[in-house]
Each structure stands twice: as structure tokens, then as C-alpha cells.
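Visitor: Let's have the full structure, built from the sequences with the hints guiding it.
Number of protein chains: 2
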Amino acid sequence: MKNIYLERLDTMLREGIDNEEELHRICEMLHPAVLGQRLSELDPEDAKAILDRFMPENQALVLSHFRKEKAGEIAELYMDEMLADIIELMPHDDRVDLIKQIPQERREKLLMKVEQPDRDDIMRLSMYEEETAGSVMTSEFVTLRDTMTVEEALVSIRKVAKDRETIYNAYVVDGYNRLTGIVTLRELLLYAGGTKISDIMNTDVVFARDDEDQEVVANRLSEYDLIAMPVLDEQNKIMGIVTFDDVMDVRKEEATEDFHKMGSVGLMNISLSDAPIKLLIYKRLPWLLVLVFMNIFSGAGIAFFEDTIEAVVALVFFLPLLIDSGGNAGAQASTLMVRALATGEVKIRDWFRLFSKEIFVAVIIGIIMGVAVSLIGFFRAGPEVAVVVSLTMICCVTVGSLLGMSLPFLLQKFNFDPATASAPLITSIADIAGVLMYFSIATWYLSI
Amino acid sequence: MKNIYLERLDTMLREGIDNEEELHRICEMLHPAVLGQRLSELDPEDAKAILDRFMPENQALVLSHFRKEKAGEIAELYMDEMLADIIELMPHDDRVDLIKQIPQERREKLLMKVEQPDRDDIMRLSMYEEETAGSVMTSEFVTLRDTMTVEEALVSIRKVAKDRETIYNAYVVDGYNRLTGIVTLRELLLYAGGTKISDIMNTDVVFARDDEDQEVVANRLSEYDLIAMPVLDEQNKIMGIVTFDDVMDVRKEEATEDFHKMGSVGLMNISLSDAPIKLLIYKRLPWLLVLVFMNIFSGAGIAFFEDTIEAVVALVFFLPLLIDSGGNAGAQASTLMVRALATGEVKIRDWFRLFSKEIFVAVIIGIIMGVAVSLIGFFRAGPEVAVVVSLTMICCVTVGSLLGMSLPFLLQKFNFDPATASAPLITSIADIAGVLMYFSIATWYLSI
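Chain order of the listed sequences is A and B.
Following full-length UniProt numbering from start to finish, the first sequence increments by one per residue and tops out at 448.
Following full-length UniProt numbering from start to finish, the second sequence increments by one per residue and tops out at 448.
Please note that the accuracy of each hint is not assured.
Just so you know, same-sequence chains aren't split out, so a pair can sit in one copy or run between any two.
[As the list claims (entries may be wrong)] Calculated lysine-lysine pairs in the DSS-like style (CA-CA distance at most 27 Å, straight line): (1) Lys252 / Lys68; (2) Lys357 / Lys68; (3) Lys278 / Lys347; (4) Lys113 / Lys100; (5) Lys278 / Lys357; (6) Lys252 / Lys283.
Hint data in this document are derived by calculation from the structure and do not stem from the laboratory.
Guide: So this is what it looks like as C-alpha cells:
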């Protein structure tokens with residue numbers, strides 16, 4: 001689907017803005033999400049120059065769709081008064097993300113310029129630790145009392161409909177703001193106007209705790225196919241709601257985190273295009289050094305068998321092939337487990353069952369690969385080396401697979417992220433095991 | 001969040017069902033999504049025995065939350081008449097998934113027992129190719145005419161509210177069923193009853209084509225924060241809608257696919273727990289064999305340098321360390337690119353810019369690692385080998401990184417999935433390059 005307005009905006013940005021009126025019209029036709037994302041890619045100064053042409057309401061809306069770090073850069077270019085106005089107009093969850101990007105000293109000065117109720121709301125929402133349900137929720141939701149009738153509820157929803165993130169779920173609370181039930185707008189439309197809310201509300205509400213992990217909360221919302229889920233504190237008071245669009249963002253972020261870990265890259269809260277060289281080095285080097293350190297053990301293993309190698313140099317030909325196969329089989333097994341653990345499809349208690357299954361899978365794969373490499377071994381180095389190579393292959397694949405499938409469980413068990421069991425880590429561990437098995441088998445079988 | 005009903009159901013399933021009434025009550029209290037997922041884990045016979053206790057409406061609802069392949073197994077246990085009734089009651093997108101699981105011969109017989117309109121709907125929806133927007137859409141949406149007033153629209157929505165997947169977006173169509181606009185229920189509530197739909201509808205609709213790729217469509221819905229998106233055919237006729245919950249499932253599925261590819265595991269449309277041993281072997285072995293085949297080249301490289309190795313056996317100590325480091329750096333770079341390409345954050349045209357950046361990152365990382373291993377080399381094998389090892393390290397990390405970051409772009413360019421550039425594949429390629437560089441540098445520097 002091509003977007004003609006976006007294409008015309010691109011042309012204008014490239015060739016200079018010669019027609020103010022057309023620029024205005026194009027930006028009005030573009031969805032704030034698309035405009036926000038496109039402007040995110042510009043230099044902050046250029047993006048700000050375009051934003052300045054809009055009404056504050058529209059600036060607020062577009063800014064809420066900027067990439068976090070970019071929104072922070074643009075905020076620096078605003079005067080305090082104007083920025084305070086815009087913050088008052090932004091969706092409540094997005095403005096907290098923006099505020100967090102602003103340096104401490106300015107933040108306090110700025111917040112004093114924001115209206116009291118908005119300021120309190122911002123302070124309350126920014127209290128939550130990152131990666132909790134509280135940190136992604138918004139405070140723009142609809143509440144009802146259970147003594148209302150359906151008609152009264154609809155009137156009350158109509159009144160606030162304009163500035164609530166979603167009006168399709170309404171939350172029924174008692175005098176202490178504790179959640180007692182939920183009604184959907186669909187239900188309100190289906191019942192007669194005089195019906196009491198208490199008679200139609202659903203009291204078995206699926207909810208999140210404000211300090212719960214955002215990934216767990218995201219998986220729950222998705223499991224129940226909900227548009228929004230209330231977030232409660234310890235006293236069951238409703239503190240906010242998490243909506244499906246936030247959950248999609250959370251899940252995308254968490255999947256990216258897992259991908260990066262699986263490639264043994266450190267956590268990055270910034271898009272790859274924007275990441276400075278220093279950050280990329282900083283996020284990649286530590287793991288590479290850890291892995292080099294582990295590889296020293298493979299080297300030491302080889303040194304230990306120096307005599308074996310000198311006796312039959314041909315053994316070295318098969319070294320990369322054997323140790324890599326163990327690492328590859330291990331990487332496959334760990335990938336399967338890491339993903340299944342992340343989606344909740346597999347739990348720690350399933351380890352033993354899956355381990356038993358993995359033994360069969362690994363041994364069968366190992367034997368087939370052993371037969372395959374025995375042919376290569378035979379033609380390249382004779383029957384004796386062929387036997388050594390194929391025996392080692394079976395061992396390498398089996399040990400690599402079992403290590404690869406178990407490590408994610410072990411990490412999860414001790415509260416580490418299972419995705420830390422990355423392909424490079426598994427490969428390095430499998431290498432050490434592979435070197436030791438290979439030369440031990442060779443020394444024994446060839447009687448060196 | 002513990003679910004006491006689920007815990008009691010588990011106890012009952014374990015210890016035998018002694019209290020029919022309590023089982024009924026528990027199942028009523030459980031959300032169909034939770035019940036469906038829990039029953040999915042049982043043997044088909046046991047799950048069916050529990051389902052049999054419910055009304056057909058509830059069986060349909062719970063079955064729609066079963067894992068696809070499991071729903072198919074349970075369908076086999078139903079008599080045709082009963083299954084046809086249940087299919088009529090299921091959500092339109094889920095029942096198509098179920099029908100696809102039923103063997104061809106039975107499917108035709110079964111469909112003849114389903115009421116005409118439902119049968120037509122099933123046939124129409126199952127026509128679409130897998131992984132297209134058409135294959136995940138549902139036909140349960142609300143349409144309006146632009147000549148209606150807001151009040152008439154609300155009356156018409158109320159009438160169908162019960163059995164539409166979402167009523168929060170209503171689609172305005174002309175006499176040929178072509179989409180002309182969209183109104184949200186929120187807007188309908190905000191405007192006076194007499195307002196014409198044509199005056200308030202939004203004509204700049206974000207939509208999907210029925211043959212578009214599901215991942216692209218999912219990313220679009222998420223970008224615009226939409227609850228649902230209309231799916232149009234070539235004539236702009238509305239064929240169905242894709243809702244946010246389907247999109248969450250699609251994105252989860254696509255992320256899992258990418259994870260598995262990155263671990264060089266073949267595509268599996270079945271959960272890990274249910275996957276039979278044969279399937280696991282079948283999905284893992286081919287890549288392992290391809291990689292072994294590639295490793296033969298590393299072996300050949302080593303064989304070519306046999307004299308060098310015999311002259312300085314100590315070189316072998318550093319072999320795993322050097323070739324692994326190149327592979328690891330490459331795996332990091334490819335992981336970053338694969339994920340950024342999948343989320344659309346980076347496009348093919350960005351390759352050159354990122355390649356230039358990668359050169360800096362890789363060379364700096366290479367130099368730091370080169371210095372680190374030169375120390376190891378010095379203490380283990382003297383100054384000359386130390387120089388060879390650290391020079392090789394710089395080359396390995398640089399070449400590995402540039403290969404790793406470029407391969408995903410190359411694959412995408414030729415319409416392969418960039419995730420095919422898995423850590424094991426990159427490792428194997430980096431191994432070959434590493435072996436050649438290592439022994440070439442050694443032969444040259446040590447003048448062997």
C-alpha cells in the first residue's frame with residue numbers, strides 16, 4: 001500500500017518547502033502515527049520546524065508517535081511554556097515516556113509549568129519501575145459506579161469519550177476506587193436503559209498488578225484477546241489500564257531483546273539506525289571477550305593432546321567440522337527452548353519430559369551425521385580416522401543438543417533470562433566438550 | 001496471578017471427576033481462552049469427554065481457543081451432525097482454521113451438513129492462501145450505509161452486536177459493497193442522533209489487500225494502533241476484517257518463525273511440546289548436514305596448510321578461538337540486521353550506510369580483541385605466534401562482522417527470508433574465511 005501523501009511529503013523535504021499550504025494539507029491527511037514516524041527520521045531541528053506549523057493539539061498527537069529518544073531530542077528545542085502546553089495535551093502514557101527523556105534539572109522546572117492535575121498524574125505514572133505494568137499503563141480510562149443504570153452509564157461515557165484512551169471497556173469501582181467489575185460498551189448497548197450496572201457487570205475480571213512484569217501482562221492480555229486490562233495496586237484500587245496497542249509494542253520490544261540476546265548482543269533501548277558506534281561496540285564487545293576467554297579452554301584442550309595431533313595431523317582437518325556440528329545442534333535445541341519458554345508454551349517443570357525426548361532426537365541425528373562424516377573421513381584419512389570421526393560426531397551432537405536444551409531451563413531456574421543461552425555461548429561450550437571428546441576418542445582408538 | 005478455578009480443574013483432572021456439578025461451575029467461571037488452552041494439553045479423548053458436558057454454544061467458544069492441530073484431533077472424535085452444529089456457532093475465522101485440519105474426504109461430507117450461508121462463508125474464507133491477510137480475516141464485521149443517520153446506525157449496530165467480532169469499528173459501504181469510509185462507535189456516541197453518517201465518516205481509511213502478506217498487514221495495524229482493519233479485494237469491496245487479537249497471534253507466530261530460522265531450525269507449525277520426534281529430526285537434520293558440508297571446506301583449508309601446521313603445532317591451539325570469534329561477531333551483526341529488517345526499522349536501501357558504520361565498529365572491536373589474544377599468544381607460544389594470532393583476530397572479526405551484516409540484506413534482496421542468515425550459517429562461513437586467513441598469515445609471517 002503506497003501512501004501518496006507520504007511520498008509528496010518526502011519530495012517536499014528533499015527539494016525544499018515551497019508551498020506552505022500544500023504542506024499543511026499533506027500533514028493533515030497523514031495519520032499522526034505515520035507523520036510521527038517519518039519526522040522521527042529527520043534531524044531534530046528539521047522535525048521541529050515542521051511541527052511548529054501545527055496547532056499544539058496536533059503537535060502533541062504527532063509527538064506521541066515519535067521514537068522515544070527522538071522525542072527527547074526535540075523536546076530540548078522547545079521553550080518551557082510551549083512544551084508544558086503540549087505535554088498537557090499528550091496521551092498520558094506517552095507523555096511520561098517523553099518526560100523521562102528530559103534531563104533532571106529541566107524536568108523539575110518544566111513540571112512546575114504544567115497544570116496541577118496533569119502534573120500529579122505524570123508524577124504518579126513515572127514512579128513505576130521500568131518493565132512493570134505500571135510503567136506502560138495510562139490513566140485515561142472510564143470508571144462507573146455499580147448503582148448507575150445503563151442509560152446513566154452511557155451518558156457518563158459520552159461525556160468523557162473524547163479524551164479517554166479507550167471507552168470500549170468501562171471499569172466499575174466502589175467508593176474507595178477499588179475495582180468491583182467491568183462492563184463493555186457492547187454490553188451497555190445490548191441492555192435496556194433502565195438495567196442496573198450491578199446486574200450486568202462481569203465481576204470475574206482479568207487484571208494486572210501494577211508491579212507485575214510487562215511481558216507477563218502482555219501475554220495475559222493476548223491470551224484473553226482483550227482490548228484493555230485494568231492495572232490494580234495491592235488494595236485492588238484501579239491505577240490505570242494497559243491497552244492492546246501498548247501490549248503490541250511491549251511484545252515487539254521483548255522479542256527484539258530476546259533476538260539480541262540470542263545473538264549475544266547486549267540490551268539496546270535505541271533503534272539500530274540511531275545507535276552510535278560507541279554504543280554498538282559497548283554492547284557487543286563484552287560477550288565476545290567472554291567467549292574468547294571460554295575458547296582458551298578449547299585451546300588448552302588441544303594443547304593437552306599435542307602428541308596425538310603430532311602423530312596424526314590429519315585429525316586437525318575434521319576439528320572445525322566436529323566441534324561446529326555439536327555447537328550447531330546445540331544452537332538449534334536452545335533456540336527451540338528459549339522461544340517456547342518466552343511464549344509460555346513450555347514451563348520449567350517440562351524439562352525432564354523434553355530432555356527425554358531430546359535424547360532420542362539427538363542420538364538419531366548424531367548417528368545419521370556420524371555415518372555421513374565417516375565417508376568423508378574414509379576418503380580423506382583412511383578407515384581408522386573414519387571410525388574416530390564418526391564416533392566423535394555422535395557424541396558431539398548428543399552432548400551439544402542436551403547442553404543446548406538444558407541451559408535455558410537452568411538459566412530460568414536461577415532467574416536469569418533463558419535467552420542468554422545464545423548460539424555463540426552454546427557453540428563455545430560445545431567446542432570445549434568437542435575438543436576433549438575428539439582427541440580422547442582418537443588417543444584411545446588409535447592407541448597413541 | 002493465580003487462577004483458583006484452573007487449579008481446582010487441574011486437581012479434578014488428576015484425581016478423577018467425582019462431582020459433576022462442581023466441574024460445571026468451574027468451567028463456567030473459567031474464561032473460554034483459559035479453558036481451551038488447558039484442555040488442549042489433555043489427550044483428545046479426555047478433552048472431548050469434558051467438552052461433551054457443555055452446550056454446543058460453549059463447545060464452539062472453547063474449541064475456538066484450542067491449538068489448531070489439537071482442535072483437528074478432537075474434531076475427529078465428533079459425529080458429523082454435532083460437529084456441523086458447532087462449526088455454525090464458531091467465530092468465522094477460527095472455524096476455517098478448524099476445517100482446514102479435517103481430512104479432505106470428511107470435510108466435503110461435513111460441509112454439506114452445515115447451513116448454506118455458513119458453508120458459503122467457510123468456502124470463501126478458506127480460498128485464501130496461507131500467510132495472506134485473507135487467511136486470517138473474519139467475516140463478522142458491521143457495515144453501514146452513508147445515507148443512514150447516527151441514530152439509525154446505532155440501532156443497526158445494536159441488532160448485530162451479539163455476533164460480530166468487533167462492533168467498535170463500523171464500515172460504510174456503497175451499493176456494490178465497496179468501502180467508502182469508516183466510523184468508530186466512539187464517534188457515533190459523540191454526535192447527535194440526526195447527523196448523517198456521510199458527514200462524520202472518515203474516508204481516509206487504513207486498509208489491507210486480501211492477498212497482502214500477513215506480517216506486513218500486522219505491522220501496519222500495530223503502527224496505526226487500530227482495533228481492526230478492513231480487508232479489501234481489487235475492486236475495493238470489503239471481504240473481511242483483521243482484528244488486533246489476530247494480529248498479535250500473527251506477530252507471535254512470525255517472531256517464532258524468525259527465532260527458529262536464526263537457530264537454523266526448519267519451519268514448524270506445531271507447538272514444541274506436541275512435536276513428534278520424527279518431525280524434530282526432520283526439521284533439524286537438513287541444516288546440520290548443509291553446515292557439515294560447508295565445514296568440509298574449512299577442513300580442506302586446513303589440509304592445504306598441513307606443512308605449516310606440522311612446522312608449528314602450537315598454531316592449532318588458537319584455531320577454535322580465532323574462527324569462533326569471527327563467527328560470533330558475525331552472528332551479532334546478522335542478528336541485529338535480521339531483527340531490524342523484520343520490524344521494518346531498516347530497509348534494503350540502508351545497507352551501504354550501515355555497512356560503513358559496521359566497518360568502524362568491527363575494526364575497533366577487532367583491534368581490542370587482537371590485543372587481548374596477543375597476550376595469550378605471547379605466554380603460550382612466544383612473540384611470533386602472538387603477532388600472527390592478533391593480526392588474524394582483527395581480520396576474522398572484521399570479515400565475520402561484515403559478512404554477518406551483509407548476508408541478511410543479500411537474502412532479502414533476492415526474496416529469501418533474511419532470518420536464514422542464522423548464527424550457525426554465519427559461523428560456518430566465518431570458519432572457512434578464518435582458517436584461510438589464519439594459516440595464510442602464519443605461513444607468510446613465520447616464513448614457512
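Visitor: All hints, please: hold or fail.
Guide: Consistency of the hints with the structure:
In this homomeric assembly, Lys252 and Lys68 come within 27 Å of each other (Cα to Cα) both inside a single copy, at 15 Å, and across copies, at 24 Å. Taking CA atoms no more than 27 Å apart as the test, Lys357 paired with Lys68 passes between copies only; the shortest distance there is 22 Å, against 44 Å inside one copy. When the C-alpha separation of Lys278 and Lys347 is checked against a cutoff of 27 Å, the pair qualifies only between copies, where the shortest distance is 22 Å, while the shortest distance within a copy is 38 Å. Within a single copy, Lys113 and Lys100 get their C-alpha atoms as close as 16 Å, which meets the 27 Å cut-off; across copies the closest is 60 Å, which misses it.
Proximity of Lys278 and Lys357 under a CA criterion of 27 Å is satisfied inter-copy only: 11 Å between copies versus 44 Å inside one chain copy. In this homomeric assembly, Lys252 and Lys283 come within 27 Å of each other (Cα to Cα) both inside a single copy, at 20 Å, and across copies, at 26 Å.
Checked against the numbered hints listed earlier, the structure breaks none of them; every hint is satisfied.
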